[in-house]
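Undergrad: Same order as they appear, the protein sequences are chains A and B. Just so you know, the first sequence maps onto residues 1 to 269 in this note's numbering. Just so you know, the second sequence maps onto residues 1 to 283 in this note's numbering.
Some hints could be false.
What the hints assert, rightly or not - Simulated crosslink set (DSBU-like; lysine-lysine; CA at most 35 Å straight-line): (1) A/184 x B/231; (2) A/48 x B/231; (3) B/98 x A/57; (4) B/237 x A/124; (5) B/131 x B/243; (6) A/129 x B/131; (7) A/48 x B/239; (8) A/186 x B/239; (9) B/9 x A/186; (10) B/231 x A/31; (11) B/197 x A/48; (12) A/129 x B/9; (13) A/124 x B/243; (14) A/124 x B/239; (15) B/9 x A/173.
Claimed, not checked - Covered stretches of chain A, going by a simulated chain B footprint (3 or more residues, C-beta under 8 Å): (16) 5 to 14; (17) 44 to 57; (18) 99 to 107; (19) 149 to 161; (20) 218 to 229.
Derived by calculation from the structure, the hints in this document are not laboratory data. For each residue, glycine too, the CB sits at the ideal point set by N, CA and C.
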Amino acid sequence: MSAIKFENVNFGYHNQNLIIEDLNLEIKRGKYTVLLGHNGSGKSTIAKLAIGLLECKKGSIFVDDILLNEENLNKIRSKVAIVFQNPDNQFIGATVRDDMAFGLENKCVDTNLMDGIIEEYASKVNMQKFLDAEPTNLSGGQKQRVAIAGVLAMQPDILILDEATSMLDPVGKKEIFEVIKDLKQKRSDMTILSITHNIDEALFADEIIILNNGKVVKVGNPSEILYDNELLTKNALEAPFIVQLEESLNKAGIKVKQTLDVKELVKQL
Amino acid sequence: MMSNVTLGKYIPNNTFFHRLDPRCKLLLLFIFMITIFINIGMIGYITLGLVMIVCFILSKISLFTVIKSLKPMWFMMVFILVINLIVVKTGTPWHIGKITIYSNAIFNTLKIAYRLVLLISTSTIFTATTKPLDITIAIEDLFAFLKPIVNVHILSMMISIALRFIPTILDETNRIMKAQASRGVDFVHGKLKEKAKSITSLIIPLFVSAFARSDELANAMEARSYNPYAKRSRYRKLKWRIKDSIILILSIILLAGFITLAVTHLANNWNGFIFDWIRGWFK
Chain A
1 MSAIKFENVN FGYHNQNLII EDLNLEIKRG KYTVLLGHNG SGKSTIAKLA IGLLECKKGS
61 IFVDDILLNE ENLNKIRSKV AIVFQNPDNQ FIGATVRDDM AFGLENKCVD TNLMDGIIEE
121 YASKVNMQKF LDAEPTNLSG GQKQRVAIAG VLAMQPDILI LDEATSMLDP VGKKEIFEVI
181 KDLKQKRSDM TILSITHNID EALFADEIII LNNGKVVKVG NPSEILYDNE LLTKNALEAP
241 FIVQLEESLN KAGIKVKQTL DVKELVKQL
Chain B
1 MMSNVTLGKY IPNNTFFHRL DPRCKLLLLF IFMITIFINI GMIGYITLGL VMIVCFILSK
61 ISLFTVIKSL KPMWFMMVFI LVINLIVVKT GTPWHIGKIT IYSNAIFNTL KIAYRLVLLI
121 STSTIFTATT KPLDITIAIE DLFAFLKPIV NVHILSMMIS IALRFIPTIL DETNRIMKAQ
181 ASRGVDFVHG KLKEKAKSIT SLIIPLFVSA FARSDELANA MEARSYNPYA KRSRYRKLKW
241 RIKDSIILIL SIILLAGFIT LAVTHLANNW NGFIFDWIRG WFK
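All chains should be built: construct the whole structure from the sequences, respecting the hints.
TA: And the structure:
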């Protein structure tokens, strides 16, 4: 079953050349999928097409088997939530509480229920202590956690993270990874699509899709993709640190089995 | 530089004024503004000044904040004084060296200055005691009757977003200024033409970034199912209490009193008496 399906999709900005041509892509339901590609490979365009912020020139897009068109747009947007790259530019409310309430207001949620929902989802991302804080008083990681909580409060079936960690410092990145891991465990029915060029995000993915020049190059699980140095180099990507470390250890004569888990590697050593 | 702006800044507290309903405060602001521009005479202005002092005490706004908020009007005051000194040739002439100035020029300037001080003080009390978000909700509620003509919600959302982005844009301005200064742009020294040129190097990137931000924000809002024309529920609801009604009624009575003063020309009669008394001091 597919959560998002692109069938022969073409897209180009204005009258420029097509940046996505004849794209066929399937994001499986209930899986954590990472869409990897270098800058300008068309990753963010795919996210915007999937939620109807951009309109494809040719082809069809299905979200939860519903055809994405003007008529179904609101229905689809109630199922899909997206977190963008810059946390500053998606903070709408004057406080965390107000920002989280924004989506609920749009969904016409009863005012009396809002406080409960806000507190529940803020605690899911460990932001319950900051509910009355203003955006300027939060770190990048905290702002992005608020953005995630804000969209989770809308109870979507599909969560798209469009380079959600690219503007964050290592601490902020770690905070978001923890939230994703937690979501994966607790909301196994939720489809998470992470669009990134940060290969470390792909370590705990169920499926990885490599994208180059608007075309799918390869689809596979982490062990198939992340150990394929030739594939990664061809697509301007680099193997994750743990893979590089394993290779270096093996070259140095310290034989270790392939594992993408640091704890497991430590155990082997 | 940016943190020095006090006019329009919310000061968190839990005073009588902070607890008043924002709609009531907005109506009070309108009433005070109307009163300030009516010719209510000396007695009226002194009463209004006393009311303002009481408001400042009740809202616990420091004198320093008030003085800081009046800072931007100094230039304007000097300008008005110069214009009055040139134009007004009535009243008692005073000779300072070769220059002759007239008492009415000074009195007119003082009157305008006093009105401006009252105007800025009223706005300061309002913005310092009301959260920006509450202001927008109050605007949306009070102007709800305009809904068949204008989408009031869009207007209030625009104001709310503008207020929300002020600190972000100020940060961005600081960042761009530092970046340009590190590349040799001098914003402080030089001739007017050079200064204008250096400001351009700030304005253009600032606009580009503001447009990019607005585009991203629009996407984020749309992705969260925002539709300004669709029905929405509201998280923050304002509560109108008895004290709001009492304060509003008192202010309306005060306004009615001042209007009566102005219409019956009583204010001018008293003015004559007070001016004569002041002139007596100068003779």
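Undergrad: Hints first: check each against the structure and report whether it holds.
TA: Hints versus structure:
1. For the hint pairing residue 184 of chain A with residue 231 of chain B, the CA-to-CA distance comes to about 33 Å; that is within 35 Å, so the pair holds.
2. A C-alpha spacing of about 25 Å is found between residue 48 of chain A and residue 231 of chain B, which places the hinted pair at or below 35 Å, so the restraint holds.
3. The hinted pair formed by residue 98 of chain B and residue 57 of chain A fails the criterion: a straight-line CA distance of about 80 Å is larger than 35 Å.
4. At roughly 26 Å between alpha-carbon atoms, residue 237 of chain B and residue 124 of chain A fall within 35 Å of each other, so this suggested pair holds.
5. For the hint pairing residue 131 of chain B with residue 243 of chain B, the CA-to-CA distance comes to about 19 Å; that is within 35 Å, so the pair holds.
6. A distance of roughly 20 Å separates the Cα atoms of residue 129 of chain A and residue 131 of chain B; the hinted pair therefore holds under the 35 Å criterion.
7. Simply put, residue 48 of chain A and residue 239 of chain B have alpha-carbon atoms about 40 Å apart, too far for the 35 Å limit, and the pair is violated.
8. Restraint check: the Cα-Cα separation between residue 186 of chain A and residue 239 of chain B comes to about 39 Å, which exceeds 35 Å; the hinted pair is violated.
9. The straight-line distance between the Cα atoms of residue 9 of chain B and residue 186 of chain A is roughly 42 Å, outside the 35 Å bound, and the hint therefore fails.
10. For the given pair, residue 231 of chain B sits about 34 Å from residue 31 of chain A by alpha-carbon distance, which is consistent with the 35 Å threshold.
11. Restraint check for residue 197 of chain B and residue 48 of chain A: not satisfied, since their Cα atoms lie roughly 38 Å apart, outside the 35 Å limit.
12. Between residue 129 of chain A and residue 9 of chain B, the direct Cα distance comes to roughly 25 Å. Compliance with the 35 Å bound is thereby established for this hinted pair.
13. Our distance criterion of 35 Å between C-alpha atoms is broken by residue 124 of chain A and residue 243 of chain B, whose separation comes to about 40 Å.
14. The suggested pairing of residue 124 of chain A with residue 239 of chain B holds, with an alpha-carbon distance near 31 Å, which does not exceed 35 Å.
15. Between the alpha carbons of residue 9 of chain B and residue 173 of chain A the distance comes to roughly 33 Å, so the proposed pair stays at or under 35 Å and holds.
16. By the rule of at least three residues with a Cβ nearer than 8 Å to a Cβ of chain B, the coverage given for the segment 5 to 14 of chain A is violated, with 0 such residues.
17. A count of 3 residues in the segment 44 to 57 of chain A with a Cβ less than 8 Å from any Cβ of chain B is obtained; the coverage claim is therefore met, three being the minimum.
18. Interface restraint, the segment 99 to 107 of chain A with chain B: holds (7 residues with C-beta to C-beta distance below 8 Å; minimum three).
19. Closer than 8 Å: that is the beta-carbon criterion, and the segment 149 to 161 of chain A has 3 residues meeting it against chain B, so the requirement of 3 holds.
20. Evaluation of the coverage hint for the segment 218 to 229 of chain A: breached, as 0 residues show C-beta separations to chain B shorter than 8 Å, against a requirement of three.
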